[in-house]
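Novice: Below, each chain spelled out in residue letters.
There are 2 protein chains.
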Amino acid sequence: MLTIALIGSGNLGTQLFSLWKKHPSVQISQWVNRSTNQSIIAGVNCIPCLSNLKPADAYILAVPDRSIPSVSAQLPPSGLAIHCSGSIPLTDLENNGSQAVLYPLQSFSKSQNINLSEIPLFLEVAEGVKPTVLQQIADSWSYKQYWIDSSQRQQLHLAAVFANNFTNQLYYMASQICQRNALPFEALLPLIQETAQKIQYLTPIQAQTGPAKRNDQEVLEKQQSLLADANEKKIYQLLSQAILNQEDE
Amino acid sequence: MLTIALIGSGNLGTQLFSLWKKHPSVQISQWVNRSTNQSIIAGVNCIPCLSNLKPADAYILAVPDRSIPSVSAQLPPSGLAIHCSGSIPLTDLENNGSQAVLYPLQSFSKSQNINLSEIPLFLEVAEGVKPTVLQQIADSWSYKQYWIDSSQRQQLHLAAVFANNFTNQLYYMASQICQRNALPFEALLPLIQETAQKIQYLTPIQAQTGPAKRNDQEVLEKQQSLLADANEKKIYQLLSQAILNQEDE
Chain W
14 MLTIALIGSG NLGTQLFSLW KKHPSVQISQ WVNRSTNQSI IAGVNCIPCL SNLKPADAYI
74 LAVPDRSIPS VSAQLPPSGL AIHCSGSIPL TDLENNGSQA VLYPLQSFSK SQNINLSEIP
134 LFLEVAEGVK PTVLQQIADS WSYKQYWIDS SQRQQLHLAA VFANNFTNQL YYMASQICQR
194 NALPFEALLP LIQETAQKIQ YLTPIQAQTG PAKRNDQEVL EKQQSLLADA NEKKIYQLLS
254 QAILNQEDE
Chain H
14 MLTIALIGSG NLGTQLFSLW KKHPSVQISQ WVNRSTNQSI IAGVNCIPCL SNLKPADAYI
74 LAVPDRSIPS VSAQLPPSGL AIHCSGSIPL TDLENNGSQA VLYPLQSFSK SQNINLSEIP
134 LFLEVAEGVK PTVLQQIADS WSYKQYWIDS SQRQQLHLAA VFANNFTNQL YYMASQICQR
194 NALPFEALLP LIQETAQKIQ YLTPIQAQTG PAKRNDQEVL EKQQSLLADA NEKKIYQLLS
254 QAILNQEDE
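Chain order of the listed sequences is W and H.
With this note's numbering as the guide, the letters of the first sequence map in order to residues 14 to 262.
With this note's numbering as the guide, the letters of the second sequence map in order to residues 14 to 262.
Just so you know, these hints were derived from the structure itself, not from any lab.
A couple of the hints might just be wrong.
Since the list gives no way to pick out one identical chain from another, each pair is judged satisfied if it fits inside one copy or across any two copies.
The calculated lysine-lysine pairs, modelled on BS3-like cross-linking and capped at a C-alpha distance of 30 angstroms, are [claimed, not checked]:
hint	residue 1	residue 2
1	Lys-34	Lys-235
2	Lys-226	Lys-67
3	Lys-226	Lys-246
4	Lys-235	Lys-246
5	Lys-67	Lys-143
6	Lys-143	Lys-35
7	Lys-67	Lys-34
8	Lys-235	Lys-247
9	Lys-143	Lys-226
10	Lys-157	Lys-35
11	Lys-226	Lys-247
12	Lys-157	Lys-235
13	Lys-246	Lys-35
14	Lys-247	Lys-34
15	Lys-35	Lys-235
16	Lys-157	Lys-226
17	Lys-246	Lys-67
Could you put the whole structure together from the sequences, leaning on the hints where they help?
Specialist: Structure follows, in structure tokens:
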């Protein structure tokens, strides 16, 4: 049985606690949790800060990106430190033991029940470190595993910003257009779902439709004139142009 | 029983034919279908052009936007002409009878089986025209109905371009980043689905996450430097700035 010290009680920390609190192959030895006064939760020893941390086989840093160097620097001298960030390189871990990364590619919200085992998990281990412990922890977490290096992980995180944050921002802009024109945003929800659904079995190029794809200049010009907001207009122009350029490829 | 002449055999025309070919309250009197040599399909008389069109209670123009004026000008002098376009005003219909619009807000692909009855349908009828016939046709089509005018419909179509075409273009950009870095695009699919899922019960502002939402300038700068493509970089800057501005509201 591997022992894991879990550090952090945000969205990911809370989800991982649920996953591992009663697990056949890993055991949470301590949970560094600043948001509770309880000393034991579900049989697990909770501590408010790192000073009482005992050695474990691995330390999972479910903490904000900026805290990764300082938290890792305070870890006991042996054991594997694992951060869970998309944008931070493995070398930002400053513990004396060994280093690894487990990055779950999803946008976590505390209120949601997510099945962690279905979320793609990206693995990296420092040069010269045996992957055995990391692999065992990954196996207890997700069945969708990919090995990538720090530079690939940064690019992956960037791709996720486009697919998730920016997409959500377009939903926001659509909702603003609806609001300004007394239109029901909820009527767009089936279309939003179908757009995400299509991409599960078509490539984005195959799935594309609309005025830019048809090179319908009349509609493109008309629609730009309907946008009073300068930022929305620029985004309309850039994304339409990107679709038009794609046709030329 | 209402008689409908269905004009067009593209994606929407084909879907509407399936819906109405055996319907208890509407009957397709003729199907103007240039893409078949058959004179009868499922008991319905097929004709290749408008010259043989007989009078009907309504004419459904499931044709490209640019053909709406010319096709409607050739309709018999009585009956209700209905176009199905998001971006064309009702007044572009040039028939001598009455005019209306039924706009289904979805992106149709021929290969897909879509349940038309669940797709939001936007209704408009010309001033002075009784809505009875249009309402009866709408009832045979979808149970999600909204009355809007031509100017609202243009704005709705614009909102749909953001929520559908532009979103799909962001999926494309994410897929390009993956391709350039030997990353599996399929690993982004659960995130894409969750992003569309979240918006079904959260507002876009509530659902937002990521470096711009957190105002994480370090990651924002780092990610921009990872983008070599100038257009991608501009889109990154504009959409990040839009998310940052939103925080100030």
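Novice: Work down the list of hints and note, for each, if the structure agrees.
Specialist: Structure-based check of each hint:
1. In this homomeric assembly, Lys-34 and Lys-235 never come within 30 angstroms of each other (Cα to Cα): the closest approach is 57 angstroms inside a single copy and 36 angstroms across copies.
2. Taking identical chains as interchangeable, the C-alpha atoms of Lys-226 and Lys-67 are never at most 30 angstroms apart, the minima being 59 angstroms within one chain and 35 angstroms between chains.
3. For the homomeric pair Lys-226 and Lys-246, the shortest alpha-carbon distances inside one copy (18 angstroms) and between copies (22 angstroms) are both at most 30 angstroms.
4. For the identical chains of this complex, Lys-235 and Lys-246 are neighbours both inside a copy (12 angstroms) and across copies (26 angstroms), given an alpha-carbon limit of 30 angstroms.
5. For the identical chains of this complex, Lys-67 and Lys-143 are intra-copy neighbours only, at 22 angstroms inside a copy versus 79 angstroms across copies, given an alpha-carbon limit of 30 angstroms.
6. When the C-alpha separation of Lys-143 and Lys-35 is checked against a cutoff of 30 angstroms, the pair qualifies only within one copy, where the shortest distance is 26 angstroms, while the shortest distance between copies is 67 angstroms.
7. Proximity of Lys-67 to Lys-34 under the C-alpha cut-off of 30 angstroms is restricted to the intra-copy arrangement: shortest distance 18 angstroms within a copy versus 73 angstroms between copies.
8. When the C-alpha separation of Lys-235 and Lys-247 is checked against a cutoff of 30 angstroms, the pair qualifies both within a copy, at 14 angstroms, and between copies, at 23 angstroms.
9. Taking CA atoms no more than 30 angstroms apart as the test, Lys-143 paired with Lys-226 passes in neither setting, with 50 angstroms inside one copy and 37 angstroms between copies.
10. When the C-alpha separation of Lys-157 and Lys-35 is checked against a cutoff of 30 angstroms, the pair qualifies only within one copy, where the shortest distance is 21 angstroms, while the shortest distance between copies is 46 angstroms.
11. In the homo-oligomer, the alpha carbons of Lys-226 and Lys-247 lie at most 30 angstroms apart both inside one protomer (18 angstroms) and across protomers (20 angstroms), since each shortest distance falls under that limit.
12. Only between protomers do Lys-157 and Lys-235 lie at most 30 angstroms apart by alpha-carbon distance; the minimum there is 27 angstroms, versus 45 angstroms within a single protomer.
13. For a Cα distance limit of 30 angstroms, the shortest separation of Lys-246 from Lys-35 qualifies neither inside one copy, at 52 angstroms, nor across copies, at 45 angstroms.
14. Proximity of Lys-247 to Lys-34 under the C-alpha cut-off of 30 angstroms is found in neither arrangement, the shortest distances being 49 angstroms within a copy and 45 angstroms between copies.
15. Taking the closest pair of Cα atoms, Lys-35 and Lys-235 never come within 30 angstroms of each other, the shortest separation being 59 angstroms inside a single copy and 39 angstroms across copies.
16. Taking identical chains as interchangeable, the C-alpha atoms of Lys-157 and Lys-226 lie at most 30 angstroms apart only when they sit on different chains, with a minimum of 28 angstroms there against 34 angstroms within one chain.
17. Proximity of Lys-246 and Lys-67 under a CA criterion of 30 angstroms is satisfied in neither setting, with 56 angstroms inside one chain copy and 45 angstroms between copies.
The structure shown violates the earlier hints numbered 1, 2, 9, 13, 14, 15, 17.
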